[in-house]
Amino acid sequence: MNRYYWILGAFAALVVLLAVGLGLNPRDIPSPLVGKPVPAFKLAVLATPDKTFSPEDLRGKPWLLNVWASWCVSCRQEHPILVEFSKKVDVPLIGLNYKEVRGDGGFDMNKLPPEEESRLALQRANGWLRDHGDPYRLTAMDIDGRVGIDFGVYGVPETYVIDKDGIIRMKHTGPITPDVLAKKIMPLLAELAK
Amino acid sequence: MMLRVLFLSLCLLSSGAFASSAREAALAADPVAEKRLQGLSKELRCLVCQNETIADSNAELAVDLRREIRGMIADGRSDSEILDFMVTRYGDFVLYRPPVKGVTLLLWGGPVALLLLGLFLLVSYLRRRARRLAEADQPLSADDAKRAEALLKELEPK
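Here the protein sequences come in this chain order: A and B. Going by this note's numbering, the letters in the first sequence line up with residues 1 to 194, in that order. Going by this note's numbering, the letters in the second sequence line up with residues 1001 to 1158, in that order.
Watch out, some of these pointers could steer you wrong.
Under the rule of at most 25 Å between Cα atoms (straight-line distance), these lysine-lysine pairs were calculated in the BS3-like manner [what the hints assert, rightly or not]:
(1) LYS194/A x LYS88/A
(2) LYS183/A x LYS51/A
(3) LYS184/A x LYS88/A
(4) LYS1101/B x LYS36/A
(5) LYS171/A x LYS1101/B
(6) LYS184/A x LYS36/A
Residues from chain A that face chain B, not an exhaustive set, calculated with beta carbons under 7 Å [what the hints assert, rightly or not]:
(7) ILE29
(8) ALA40
(9) PHE41
(10) GLY133
(11) GLY152
Away from chain B, derived, C-beta distances all over 12 Å, residues of chain A [what the hints assert, rightly or not]:
(12) VAL34
(13) LEU43
(14) PRO114
(15) ILE167
(16) MET170
(17) ALA182
(18) LYS194
It should be emphasised that the hints constitute simulated quantities derived from the structure, not laboratory data. Note that CB positions come from ideal geometry on N, CA and C, so glycine has one too.
Hey, can you work out the whole structure from these sequences and the hints?
What follows is the structure, given as structure tokens:
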């Protein structure tokens, strides 16, 4: 009899282990960039493509970087939350539009000249923000995805919290939910505002 | 059954088609550099489809990273510099053979620890069993023999 309790106990432990495993998000990979300076870049701004944005421009205050693209389905899911956020909170939210055209998969990149890709990217990104609302102070255009690689982007949408010294303090992969905003991002912003 | 066969063969066909197009692209450039690219991309995990290497994956990100590696090889960077580039951006998870350190200790040591635990349990079980069997082989003591006899007698039809 004693032995059966033992087996039952081992089985229960296995069930608990697997249940915990199922609850984990396999896409949630700890980013080595947390605690490191934000990668330097200089990219054209969506609204004013003759001007550029660089993280240096925001030195001295905490800000958010949100990686998005019009082809990204989960971005649509989190977008209303970002729009709400931008109305309520006075923290700069910068968009990083990631591979707007070549990430879509619907284009033959061998046949698309670079100028045409840039033009299409601006047109599509502007259209999307017109349709869904624009929560961003500005959006930087990472047309070929090279800046995305420096940020270790692997699943759009991604969101980074950067402090006033330009250090990445948090990275969230996947859409922002009200829960993530309330429990992770807002407390961190409150702490950074001190 | 038929459907399953059809589905499987379609899968095989399409993966074959992908592989050959990737190979064509790979053969395009300098063979030495391509060999290094192949070697490096087999060491790196594609973070989109997490159980594939960058060499095997056709995810957008894997294509981009292969392009980055190709660029770095052309720039004359060493293999370890290229792997460092990936690790500083994507973390140890990008390596198919992550380094042994604090957080990866369970990953590397876990299977060995489980094996040792299993061996220990097996040996202790076998020992206990042998002892039990040896005990069972002992002849009955005088008291027990008497009791057994009495019990047997009770059962006998009168």
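*Compare the structure with the hints numbered earlier in the document and write down the numbers of the violated ones, lowest to highest.*
Hint check: 2, 8, 9, 10 and 12 fail, others pass.
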